[in-house]
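**Q** Counting along the sequence shown from 1, when you hit position 168 you're at 1454 in the numbering used here, and nothing is skipped either side.
One thing to keep in mind: the hints can contain errors.
With a straight-line cut-off of 27 Å between C-alpha atoms, the simulated BS3-like cross-links for lysine-lysine are [stated by the list, open to error]:
1. Lys1498 - Lys1509
2. Lys1550 - Lys1498
3. Lys1419 - Lys1550
None of these hints come from the bench; they were simulated from the model.
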Amino acid sequence: MLRTAGGHRRIPQKCLEDLLALGGDFAASQFNAPIEEAVVASVDEPLAFEVAWRSLDVYQSEFREALRAGRETRCRELLSDLIADGFSLSQAADSLITDAMHHFGQMWKQGEMAIYQERRACGICFGLIHELKQSIVIAEGAPTAIGGSPEGDVYQLPTLLVELALCESGWRATSLGCNVPMRSMSAAVSEYQPRLLWISMSAVECEDTLVKDFNELVASLPKDTAVIVGGRAANDSLRPRLRYTAHCDSISNLTFLASAFLAKQ
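Given the sequences, and given the hints that come with them, work out the whole structure.
**A** Given below as structure tokens:
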């Protein structure tokens, strides 16, 4: 039996089967804490199981507390532990970071969080996402994807999470950042010649202007360039006015679609 850096037990499948064969009550009694869930480990470790001692909401609560206090090392440990518990890199990052930033936004509105704490938290999250991306090996010949958030949208973490998810799915993805005018997106398309363009919409200043500029950009794209939109501002009233290939409402949905597009390359 092995242990992860976070103190979890990693159990080979054969050992787990032998243990369970002895009876569920006996197997559970051998551990010092209740088993919240058992999930299959990553694809490159098909014969290993990770027994998760903490449920996702506990991870999220601990991560929020550490992030608010600026405890970067602890944030990294929790992220690593969640990945060891079977989450993909992008799923783990999204589950912890998105949850934390949503809570912090509410706390800031209620006067329960200082601006410096939010800015510090963003900086830590930027670093964590960057470290995860650096751990991914992009295959030679991987198709190119670019994207970002439109003009007036200053939220950078969502587009970085998209970049991470696409890289993990086998794309050579580059985030152009936040607050990018559509004319600048068009210039980037000319440079990168991407097979996929994503637009992350967390906030919209003027819907009519966005619709006009967005649709003009899409009309200028090569026919084989897929366009994916997502984000909380890409709501049911805005999306019907936009021209796009697919809409994603979660990182898991994005990775599924990205993998499907990649299979057709």
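**Q** Now, for every hint given, state plainly whether the structure supports it.
**A** Comparing the hints with the structure gives:
1. Lys1498 - Lys1509: Within the cut-off at roughly 19 Å; holds.
2. Lys1550 - Lys1498: Outside the cut-off at roughly 30 Å; violated.
3. Lys1419 - Lys1550: Between Lys1419 and Lys1550 the Cα gap is close to 24 Å, so the pair holds against 27 Å.
Hint 2 from the earlier list is the only one contradicted by this structure; the remaining hints agree with it.
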